[in-house]
Amino acid sequence: MVEYGDIRVVYRGGSKINFRKPVISNDSRFLLCASGESVKVFSSVTEECVHELRGHTGQVTGVLLRPSNHLQVYSCSTDGTVRLWDFTDGILVRTYVVGYPVYSIYASLNHKEVVFIVTPVQSDKRTELFQLVAVNLPQTPDQLVEARDLSAVLSDVSSNPSTIAFGRGGEYLASVNNLKMEIYFFKKNKSYSFSLREYTKNGGKNTFTCIACHPKDDCVATGHDDGKIRLWRNFKQKKEYTYSTLHWHHSAVSSLCFTPEGTNLLSGGVESVLVQWRYNQENQKDFLPRLGAAITHVTVSPDGALFSTSHSDNKITIIQSCVKVSAVIQGLVKGENVTTGLLVDPRSKALVLNGRPGHLQFYSLQRDKLLFHLDIVQQEYIHEAGLEQFEVVRAAFDASGLWLATVEERKQKSAELELNLKLWSFDEQTQSFVLNTTVSAPHEARITAMCFSQAADSQTTTLVSASRDGHFKAWQLGLPAHTDDEGPSWSCDFVGAYHGLVPRCCCFSADGSLLAVGFQEVVTVWNPTSWELLTTLSQPPGDVRNLCFGQLSCSKYLLGSNNKKMVCCWNLLTCSLEWSTSMDVSLLLVDSRSENMAAFCCQDGSTDLFVFKPSEPRPLFSQKAVCSGRVIHAVFTPREVMLESSEESSQWLNRSQLYFLTEFMDLLTFSTKAEEEKLMASSKQLVIDDTVAMTPFYLLLGKHRHEHLGNEESAERTPLPQSSVAIKELLQTPAHVLPATSFLCSMFAKSLLISVTETREENKHVDEEMESEKEEEDSDEEVETKISRPEQEAKGVQGGESTAPTLTKTQVRELRRVRKQDLSWITGLLDS
Amino acid sequence: MASFKPTQIPDLPKLGEKITEDTLYWKNYKAPVQIKEFGAVSNIDFSPVSPHNFAVTAFTRIHIYGPFSQEPVKTFTRFKDTAYCGRFRSDGQLLVAGCEDSVVRLYDVGGKAALRMYKGHTKAVHVADFTTGRYQILTASDDYTCRLWDIPNAVELTAYQEHTDYVRCGVTSKLNRDLFITGSYDHTLRVFDSRTEKSVMTMDHGQPVESLLLYPSEGLLVSAGGRYVKVWDLLKGGQPLVSLKNHHKTVTCLALNSSGQRLLSASLDRHVKVYNTTNYKVVHNFDYAAAILSLGLAPDDESIVVGMTNSILSIKHRKNLEEPKETSKPRRRPSYRVFMKGKNFVPKQDDYFVSKPARQHLAKYDKQLKRFNVSKALDTALEAWLRRKKPEVTVAVIKELDRRGTLKNALAGRDEEQLSRLLCFVIGNFFDTRFTPVLATTAEIVLDIYQCVIGQSAVIDRHLIHLQKLLEKEIYYQKDLMEILGMLDTMFAFSLLRKEVPCPGISGSNGLVQGEASTSRPQLQAT
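Same order as they appear, the protein sequences are chains X and R. If you're matching positions, the first sequence starts at 1 in full-length UniProt numbering and goes up one per residue. If you're matching positions, the second sequence starts at 1 in full-length UniProt numbering and goes up one per residue.
Mixed in with the good hints, there may be bad ones.
With a Cα cut of at most 27 Å, we get these calculated BS3-like pairs of lysine-lysine [as the list claims (entries may be wrong)]: (1) R/74 to R/316; (2) R/370 to X/324; (3) R/273 to R/389; (4) X/285 to R/370; (5) X/180 to X/236; (6) X/228 to R/236; (7) R/18 to R/348; (8) X/324 to R/343; (9) R/356 to X/285; (10) X/324 to R/348; (11) R/370 to X/413.
Every beta carbon over 10 Å from chain R, so not counted as near; a handful from chain X, in silico [said to hold, decoys possible]: (12) 26; (13) 37; (14) 78; (15) 129; (16) 180; (17) 215; (18) 302; (19) 347; (20) 400; (21) 623; (22) 633; (23) 662; (24) 813; (25) 814.
Quick caveat, the hints were computed from the structure, so don't treat them as lab data. Glycine included, every Cβ here is placed at the ideal spot set by N, Cα and C.
I would like the entire structure built from these sequences, with the hints used as guidance.
Structure below.
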């Protein structure tokens, strides 16, 4: 196969933002979180991403504010580096190379220029043991610093960052792992360990899950698997420790956090309720319920004004002092399985797939932003493990984007399957989908496929749903049956079956005049207006897996792939097999904007892609090993601006883009070289010279000046005239402590006068330089080099001498001295 | 923080009659006023002039009733025998009636004695009507003849002897004073023109014709006879347009509503059916106590008057729209001022606005569900008025509890009274197909939980035995129904022709499986 160099597979958006604890900046304006291989800086007010700190080559595993400088932040990564960033400007300040993958990072005010990191124990890689290591960060101005000064602090720690915490500003360090808690005192250089029995008397699991230390008091809070929180006190002596238990959570506590003053303890878990316990009055607690999904991390801003909770659905909620949710930062939600597949909303061109449980998410691919969640199930979600809930399993849009059909199902072990088919109409006024019809139990068994008639111009759209009960049903929009109904609703128009076989897929032709339904190994073609069975096509053995009608000029072809490694193309005009080939196609999809079709073939662990036209024997494009693992869903999304690529191999990407989702939930796409160049060009325009602050004034004049400076070959700048100490003082002391102006005036005037004796030459020198700078500024076109200038100056001085016929003796003497000095100065300059 | 999502009460498909605009319109009548007449009410005719009195012909009398009176304002009793067909002239001044004794009598509405008597028929006259010319009378009789009479002179003008059986109905044209149509027991309808000697058009109804009706445009003629109502297009030379068979006994009377959009037919099967005249579908149905002989509809559909064989006259008056407002005064609510208190306050420029979140209103059971009080939620859902008036709410709450996996907890730990209330509800709604799946699981769980206490309480045992009996009965029904369905299926399979799938010749060589469309029946889905 030919490798096409200019098309490559790229990751597209949607990285996890809930992977690690976010960090809120000291002024509560920014929220920083690890997101894939970068750190994202969000504004805590507008929810927008302000900067993306890129540079790591592995997954970022921790973000930490630098204790000594609150405008800088450390980030650590599995690539073995710790990087220091200035997050307000988004600049990488320094890179410390540690050399081992780093899993979490800690620091405290007591330990200056030391960070504590968790790395795997090198001795044996298989058992996954981790240790806490203190790293001395060398203070050098270099960009890249080797930080090899490691000293182990604790061994046998967990890689989970919420299991280690510093207490009382760094006096001691507490770590929990499984059933053991270890507290290490830095001063005494001694550690105490406490362990619990695996199960309590009541059968609760005692395993530690997280830890938090009180900032002022000697108190450590630990969370446990059975939902208990223990507050440990008096642990300075090994024997006399005590603990008290708080129990509200019904399953594991996933995160604990004390507020900066230590007055409150925050905890969160799978219940998605943020619990605020009063310290020392633990029976008083506040709740913030229904935060949407299980809480994974809880953090508090350094001033205690903002809380933030990370959730399992890739969301960060910012809460204003436990009362009100003020902002929600939502990433692309990737559940365990995307049952609806990838869809494109024809109206907003957004990618639509399963989001939160019971919701559909609309994700803008252009802006890499989640637009909104559409609540399909409209039921209270009960956060409880092992409870069967309604899940959205199928969704379909009609060609104009006016109608959305969704299927939700709930399967219980004993009871029968609950199915609901819902039809949503787009409301222009509210710009969202409104529920129009709910059909409970539309089929007796699971719905295997669902599609709308594709014809955009027809007045009535038809929805076809195929089910495992051996029937397919056609649904049509009908007139209201009751007068008290608001508008038209959908009802069943036709029920079709074929020899009791199970339909697996269905597909409408582009003009909506034909419907193909694949019944196991037979493809049936129906007329959707009269519901007549027109013909049957079959290519045994093997059940039909995918069906696609050709588009545009290839609309006479019907393609099908079966599970016996066959792809068949039938000509519908002659009802005969046009061609067939042996390919194990897992996914066959059609581009609605062109004749092209894409087929994903899964072969021994990797997936190949073929793009072809049904009418042509050779594929337009093929790529082996597009990604590892199976591709489970893919979709062609229409481009807003067409590309004008003339190269044959990338022409298929001109009108639309191909997005696909692998079994590891990675959203990938193909990008061409031209496209990347375009992106680069647009991003270059936005790059700003980092050395100068961006002000409106700079934008007006700075560029001009910049150009001018560029013309001068040396970066050497003329030193500014040194102002006298008095002026400086005068200008810098606050006005209210200054003496009277009249008193100062004479002093000020005096300071400006040229002193008669020793400072005289110096001042003259200064004046000259001021002049020269003036010249420089005045003449824009001056192309003189700096080196030529002193000669000119010298000339000027000489000229001055000639033009002044009458000079006193003292003046002459003075001038001579000046000349002497000048010359020496020039030689000094020339030497340099 | 998302707000609590309340329990969804599914919009269940309504059982029984569908509510359409027509049902609302035709149901908007008061309870009927029933008046006992002396014999079977054979004819009802409304006066064309206000106040639209109506003449009711029953036995040997003709009563004239006012629009709202329950007592006759006028009575004509001077008949020797049974009177037939008392009809008003177009000015409402004169009334004509036939009689069993073959004499046609003409009355002044104000007077008492007959003004004129028209003698000439030899048998009972069942039809008498004024022509549009106002000075002639049309009569038709059991002696197979139709005659035209001059009113002032009481002279017979013309006699038509074309029918070969009793002539029992006739109608005169409102637009043309010379045209009239008669229907006879010889199954024919004949259109006569008084200027010619013979009938100008003949149509075959197929059954003895009982009633005739001309549309206001007079392009269409409706005839009723036997179980059929037929519509004829007169402009196309008497072409049959529709034949309606919605009654299961002889249709006796026809009427058209004031707008001309609805056709009413009354029958001996005690029903009055309302048809839509655009598609001739039945849109409404009235039931009466006895076989109906006559039907009258007041102008503007103000009242429906029906005469029956058991000599009862039933008058339904239209409900006035203003009336219910006056009668049922709404409960006194807090005044407008209370609700608007502080709402219309306009904040000044430098006021700091503290917004108060709007409180979500939740139903009682939702409040309990929000607090995870599952047993209490079920108790509130089983409150008397809720389980009687809105069983779907109770069922929805049970379903929601089941979804939360806490139905068992909610059902357990109940005392005798609570349990019997629950069982009452289950028994009452078990066989409502909309609720069966949910209530079946509930009943199962109840039996699981309380099987150890069976026999301790007489009340509970009685309920359980009742439930068991009902179940047995239902299973028996279902079995029967399945048998019938099987029989029907075999009948359908025989009657349906086998349809060949069109397959081009080449396809055979391609290994195509030939198949036929399985019997596909469109299925109405509840939405």
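Status of the hints after comparison with the structure:
no.: 1; hint: R/74 to R/316; in the structure: holds, 20 Å
no.: 2; hint: R/370 to X/324; in the structure: holds, 19 Å
no.: 3; hint: R/273 to R/389; in the structure: violated, 31 Å
no.: 4; hint: X/285 to R/370; in the structure: holds, 18 Å
no.: 5; hint: X/180 to X/236; in the structure: holds, 16 Å
no.: 6; hint: X/228 to R/236; in the structure: violated, 91 Å
no.: 7; hint: R/18 to R/348; in the structure: violated, 55 Å
no.: 8; hint: X/324 to R/343; in the structure: holds, 24 Å
no.: 9; hint: R/356 to X/285; in the structure: holds, 23 Å
no.: 10; hint: X/324 to R/348; in the structure: holds, 26 Å
no.: 11; hint: R/370 to X/413; in the structure: holds, 26 Å
no.: 12; hint: 26; in the structure: holds, 26 Å
no.: 13; hint: 37; in the structure: holds, 32 Å
no.: 14; hint: 78; in the structure: holds, 35 Å
no.: 15; hint: 129; in the structure: holds, 40 Å
no.: 16; hint: 180; in the structure: holds, 35 Å
no.: 17; hint: 215; in the structure: holds, 27 Å
no.: 18; hint: 302; in the structure: holds, 24 Å
no.: 19; hint: 347; in the structure: holds, 25 Å
no.: 20; hint: 400; in the structure: holds, 22 Å
no.: 21; hint: 623; in the structure: holds, 33 Å
no.: 22; hint: 633; in the structure: holds, 28 Å
no.: 23; hint: 662; in the structure: holds, 31 Å
no.: 24; hint: 813; in the structure: holds, 73 Å
no.: 25; hint: 814; in the structure: holds, 68 Å
Taken one by one, the earlier hints fail for this structure at numbers 3, 6, 7, listed in ascending order.
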